[in-house]
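Visitor: Taken in order, these protein sequences are the chains called A and B. Just so you know, we're using our numbering here: the first sequence kicks off at 1 and counts up by one. Just so you know, we're using our numbering here: the second sequence kicks off at 1 and counts up by one.
To be clear, the hints were calculated from the coordinates, so they are not data collected in a lab. All values reported here derive from a predicted model rather than from experimental measurement. Careful: at least some of the hints might be erroneous.
Stated by the list, open to error - Covered, in the sense of this in silico footprint (three residues per stretch, anywhere, with C-beta under 8 Å from a C-beta of chain A), are these stretches of chain B:
id: 1; stretch: 166-179
id: 2; stretch: 207-215
id: 3; stretch: 230-242
id: 4; stretch: 291-299
Claimed, not checked - Lysine-lysine pairs mimicking DSSO-like chemistry, simulated, CA-CA at most 27 Å apart:
id: 5; chain 1: B; residue 1: Lys98; chain 2: B; residue 2: Lys196
id: 6; chain 1: A; residue 1: Lys203; chain 2: A; residue 2: Lys82
id: 7; chain 1: A; residue 1: Lys175; chain 2: B; residue 2: Lys196
id: 8; chain 1: B; residue 1: Lys203; chain 2: A; residue 2: Lys203
Positions of the beta carbon are idealized from the N, C-alpha and C atoms, including for glycine.
Chain by chain, the residues:
Number of protein chains: 2
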Amino acid sequence: MGQIVKSVRSVTAFAPASVGNAAVGFDVLGFAFPVIGDTATVSLIPGPAGVEITEISGISPEALARIPKDPQLNTAGVALLKMIEARQLRDGFRISIKKGIELGSGMGGSAASSVAAVVAANALLERPFSQAELLDFAVAGESVASGSRHADNVAPCLMGGLTAALSAHPIDVVKIPVPAQILCVLVHPPIVVETKVARAILKPDVMLSAMVRQSACLAGFISGCFLSDLGLIRRSMMDLIVEPQRSQLIPGFDAAKAAALENGALGFSISGAGPSVFAWVDSAAVGEKVRASVVKAFCDAGMKESEIDSWIAPVGGAGAKVVGETRS
Amino acid sequence: MGQIVKSVRSVTAFAPASVGNAAVGFDVLGFAFPVIGDTATVSLIPGPAGVEITEISGISPEALARIPKDPQLNTAGVALLKMIEARQLRDGFRISIKKGIELGSGMGGSAASSVAAVVAANALLERPFSQAELLDFAVAGESVASGSRHADNVAPCLMGGLTAALSAHPIDVVKIPVPAQILCVLVHPPIVVETKVARAILKPDVMLSAMVRQSACLAGFISGCFLSDLGLIRRSMMDLIVEPQRSQLIPGFDAAKAAALENGALGFSISGAGPSVFAWVDSAAVGEKVRASVVKAFCDAGMKESEIDSWIAPVGGAGAKVVGETRS
């Protein structure tokens, strides 16, 4: 069945970066990081149904060359093709993407492009899809880049705040409250870690005893968030299983972590598959100290300060949203 | 330093049964089951420091013969010896125990004896220990029976309700709210499963992918408890890792589980190391149907109905408490 088109022709949506795993919930938890993100502008083009990617911009030409423009291989393209398929739309989407998130940074760039596209496209439809349906399309899109179906970046990117992705098929997500004072320090060192590589190095098995300790951390962390108990969050926000394996890919990681914790961070770990790292802090002042100490640790590991990006933002921020419309 | 004795000579405390693991949090979660439990009566005996176990009663002579009366091997004895050691008390404790929980039933009997003893003994001291200290003593006691240090039974037994044991050393426990309407159906089939045996059959490793699915369940379950979201609890309350291994030790388990879920249980699994099984339900009417269906499944597996014990109780119940004092 075809959709009736509104007078709006072109919609632009912003989708934030996100920190997958959140240290303590590998492939389950994630939170939005709203001060950076990707932007997608989508138009509805009268038949035939299909997706055309007209432009991708915002990052270096070398990085851009690595993003496929074939819609069947592009995260945003696949998400919109799923949307067309779900309602057998008769028209097609034309999309342009402005990346604000570097490729292979571990900040959920694939998810952000996918989510920005579905949020913009959805605003063009007379009968919009539900949030759960949008999640499903965006997860399908993001899986093209990550190699597996996970909602730990897509869910916070779309919904904002901290989320637990309980199941990717069917999609099942719960939002977890975050104490209002919590800020996230996010630092992106100038190295590239591909998600597929970071996933491939993980041992396929975990000791049962390690799983129990990690479960205890997860239980403590989620309880700490619901109870606004910063001490509990501090005692629980750790990754005993994946971080020790992946941190080898990030020069200076151990020193950066030690410095962040010494300077008052509640927790510190790898953002998604890395190489970006993040800390939770309970004030802007602590955040600035932690940011400086982490940047210094990466400089000590041989990186140039001018090539290290860093940001501080509240964790309980907004998710993806429409930021502009053009009518014609 | 010695303690000044109050005029109270003898105190009796009741400690409830508890359901370790609570399906979804192996070795971490547990909840109190307040309608059955063990009772300990403790007197403070002027020097020398030490523990004397005068009587253990309440269960069959064959089972009683398997409980050591040597305080260094007895869960309650070890807990009280730890208490004496912690403050270098100059006097000794004399203790008698009335078991209301069968040995090897998976209902936290070792924890209950240990907790009842420390709660009763604590009431004899002019300067009582904190709850965290009592937890520590009781965990030390319970570990004599279970072979390892875990607070997943001791914590709910002492504190009541649902708890997550984040760390056993140092002790770190958080209480998780349970929706008020939740009841637990607990069924004890007439077979014995020793905790040490149930632990020994577990594979030492877990697939990382299985850990992720189990983590998602744990995150959903704890969120569901904080949000009072019964649908979320129903979708999350499952054990993908330990239950499939241990359920082999319980004839009729699969049929009992299927029957419980068909009759409306939110979740169903093994209580602790088994053989007892439990279900969470959201009303007394569902509870009665679930209880009858589980009992029938065990009968179909060849057990005698008269030998199957079953109870229904609220999950958010009280923990251990003093129930009597004798002065002389």
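Visitor: Work down the list of hints and note, for each, if the structure agrees.
Guide: Outcome of the hint check:
Here the stretch 166-179 of chain B counts 5 residues with a CB under 8 Å from a CB of chain A, which clears the bar of 3, and the coverage holds. With 7 residues having a Cβ less than 8 Å from any Cβ of chain A, the stretch 207-215 of chain B passes the three-residue criterion, so the hint holds. Look at the stretch 230-242 of chain B against chain A: 4 of its residues bring a Cβ nearer than 8 Å to a Cβ of that chain, three or more, so the hint holds. Here the stretch 291-299 of chain B counts 0 residues with a CB under 8 Å from a CB of chain A, which misses the bar of 3, and the coverage is violated.
Using a Cα cut-off of 27 Å, the hinted pair Lys98/B and Lys196/B holds, with the two alpha carbons roughly 23 Å apart. Using a Cα cut-off of 27 Å, the hinted pair Lys203/A and Lys82/A is violated, with the two alpha carbons roughly 33 Å apart. Distance restraint check for Lys175/A and Lys196/B: the Cα-Cα separation of roughly 39 Å exceeds the 27 Å cut-off, and the hinted pair is therefore not satisfied. Distance restraint check for Lys203/B and Lys203/A: the Cα-Cα separation of roughly 17 Å lies within the 27 Å cut-off, and the hinted pair is therefore satisfied.
Taken one by one, the earlier hints fail for this structure at numbers 4, 6, 7, listed in ascending order.
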